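Protein chains: 2
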Amino acid sequence: MRDVSIIGIGQTHVNEHWNASLRHLALEAISSAIDEAGVDHIEALFVGNMLAGELSGQHNLGALIADYVGMRGIEALTVEAAAGSGGAAVRQAYLAVAGGMMDYALVIGVEKMSDVVGPAAITAQTTSTDSDYEAAHGLTPVSIAAMMMRRYMHEYDASLADFAAFSINAHQNARTNPHAMFHNKLTVEAFVKAPMVSDPVNLFDAAATADGAAAIVLAPTELVRQPGNGTVRIAGSAAATDAMAIADRSDPLWLTAAELSAKRAYQHADMMAKDIHLAELHDETAILAALSLEACGFTERGTAVNFAKSGGMTRDGEIPIGTLGGLKGRGHPGGATGVYQIVEATQQLRGQAGPNQIANAQVALTQSLGANGAVAITHILVHE
Amino acid sequence: MRDVSIIGIGQTHVNEHWNASLRHLALEAISSAIDEAGVDHIEALFVGNMLAGELSGQHNLGALIADYVGMRGIEALTVEAAAGSGGAAVRQAYLAVAGGMMDYALVIGVEKMSDVVGPAAITAQTTSTDSDYEAAHGLTPVSIAAMMMRRYMHEYDASLADFAAFSINAHQNARTNPHAMFHNKLTVEAFVKAPMVSDPVNLFDAAATADGAAAIVLAPTELVRQPGNGTVRIAGSAAATDAMAIADRSDPLWLTAAELSAKRAYQHADMMAKDIHLAELHDETAILAALSLEACGFTERGTAVNFAKSGGMTRDGEIPIGTLGGLKGRGHPGGATGVYQIVEATQQLRGQAGPNQIANAQVALTQSLGANGAVAITHILVHE
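Chains A and B, in that order, are what the protein sequence lines are. Residues in the first sequence are numbered consecutively from 48, following this note's numbering. Residues in the second sequence are numbered consecutively from 48, following this note's numbering.
Read the hints as simulated data drawn from the structure, not as lab findings. These figures come from a predicted structure and were not determined experimentally. Be aware that a few hints might be false.
Which copy? The list can't say, so a pair holds if one copy fits it or any two copies do.
[Said to hold, decoys possible] Simulated pairs of lysine to aspartate or glutamate, DMTMM-like, Cα-Cα distance not exceeding 25 Å:
| no. | residue 1 | residue 2 |
| --- | --- | --- |
| 1 | Lys-232 | Glu-269 |
| 2 | Lys-240 | Glu-202 |
| 3 | Lys-356 | Asp-162 |
| 4 | Lys-240 | Glu-365 |
| 5 | Lys-356 | Glu-236 |
| 6 | Lys-310 | Glu-236 |
| 7 | Lys-310 | Glu-90 |
| 8 | Lys-321 | Asp-150 |
| 9 | Lys-232 | Glu-365 |
Turn these sequences into a full structure, and let the hints steer you where they fit.
So, in structure tokens, the structure goes:
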């Protein structure tokens, strides 16, 4: 197995991009990543996307994007794992490069969600629940998260206001990230008064769907390391699954796939949770952020909400999360999100996070979840 | 790079399976493949699927199927490349095993297309055209193939009847394949009188969409080779793309992606077209079969239709294709088709093709196409 480094990153603003289609967004992010990487020979394109078929009537994004960005002929495909699609695409590219099957691989996470609203949008998003046993009975991704949150509140005696810290932290970090969707400050008072999406998940809790694209270029570390210049290396990479339907899981308050993939990534990197300096977690809802903190071993079971409330995950906290806004603040462009996490962790490790810079950040964890934790892909990045 | 062998295969009948959903079909094919492989430790599940989101309201098939077949926790994801999804999934699993990143990988191609009919089905299938520049103007996959066929007829002075040989051969081979959808004999007279789907592509030319699942288990050859027992080894594997929109291609009568991926696979296997004993091509329409024969180097440009007419691709011809029915005779369950091709080629190389057995078949080529050739994945299998 070869060491693999991230040699180029690119991202569009996350927003409602009414004037750009999938291929335009992809081109913008890929151009930046390729320019940065300074390579002219990409061997394969891995696309992370979850809903282009439903929302843009477009499949086969691999061929579409490869052609549009000037790489016609290249090997290209789409990787899908619900909202974990971006992380899964990075993982596939990593496997190919680490195994020596190719040298230069490009990953693009891209999603265009603004074009479809109303029932059609909900129907599309509900494809990442168990269609026969959840969606058919009226459940949606957010209403499932709401049940998990309700149960957490019951088990650990937490209030709605206790969860505010996750959104407040996300918005605080997003304010100074030019690529983020939201730049407004959030308070506990505003949070608890927000209209409900699916009680108790409210408008300032559920991450906004959005349009966006993020890209990275991977290469063997041995080919790109230059004397005196550090690189960002993928030290750990792992994926795992759990039951799709929440009712089928052994414990609705434990993200087994998140735990398994984190443990495998720690083992791969020969590290433990305490070695991580910052984490980009899948904070699609506060409850998912809380359960991810626990599953990754950053806090004990049942303590993540109090941990967040006491500032443990702010930029100068014990384990900063969502350092450039996370899903809530940067926005959540579906299958692009997992690649945004890697791009942002790379910014941090390179010292390029501007006002959001975490001091002495040398090791970052990213975790991409799909279907409220039915799939999890964890990466550990190190700067060295 | 390690040698990789196929150590287990499984398939359902291809048909309209009204009583089975995606997970049931997947279970049936996977059970057979795992039983045959005789392994109890699968490391990752690669799902080939193109339309489950649109047709079954279900994404994240990796987690869904892994759980349903008793592999909860395993790494799992979906690979999509339009109708080439099955071939692309095999390719991803191959990359992971050949690169030494895992030992035992499972691939399932699964598609459920019968549940949705009429305009919704056409809309779904049209996601594998260029949405902005083809579908938006009324083109569908079949009508694009019709334009290619019309041009071929013009350029090479071919008649509708000249194309009958492809369907007749497919139906002849399907008659004795118990897993095939169609078992009826076809004649030139019936072919030329068939109602048009998109003139000149008729009902007996356009491959029927269907439900089905096919599975294979991959492992490093060095771990599974036993003295005296041959294995089916993947000697060549490659993928390539072309422009999505037919109008953007440099030549509408040349499948550049098919040619590129075939050339790369030949190079990988250190072989040439003349070394291949049988080919499972993507004969979704006769024109695609003809252009694939030419792109893979089995016949000269402009000669494939005459080659077929003279029996060159029958079971005792120069290069037998669709030996168990191909897409036309076995049926075309979207993202499962590419895995069926590998399963059938493996049956041939093992000498397990029954009445369809090609004598002395030691080397087989499979080619999975998506979007009328915008993406192509080619594998070369050898028995040794």
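Here is what the structure says about each hint:
1. Lys-232 x Glu-269: Cα proximity of Lys-232 and Glu-269: none, with 44 Å in one copy and 59 Å across.
2. Lys-240 x Glu-202: within (23 Å within a copy, 70 Å between copies)
3. Lys-356 x Asp-162: neither (36 Å within a copy, 49 Å between copies)
4. Lys-240 x Glu-365: neither (29 Å within a copy, 75 Å between copies)
5. Lys-356 x Glu-236: Result: close within a single copy only, 14 Å intra versus 78 Å inter.
6. Lys-310 x Glu-236: Result: close neither inside a copy nor across copies, 37 Å intra and 64 Å inter.
7. Lys-310 x Glu-90: Between copies, since 15 Å is at most 25 Å while 31 Å is not.
8. Lys-321 x Asp-150: Neither. Shortest intra-copy (32 Å) and inter-copy (31 Å) distances fail the 25 Å Cα cut-off.
9. Lys-232 x Glu-365: For Lys-232 and Glu-365, only the intra-copy Cα distance (22 Å) is at most 25 Å; the inter-copy one is 72 Å.
Violated hints for the displayed structure, listed by number in ascending order: 1, 3, 4, 6, 8.
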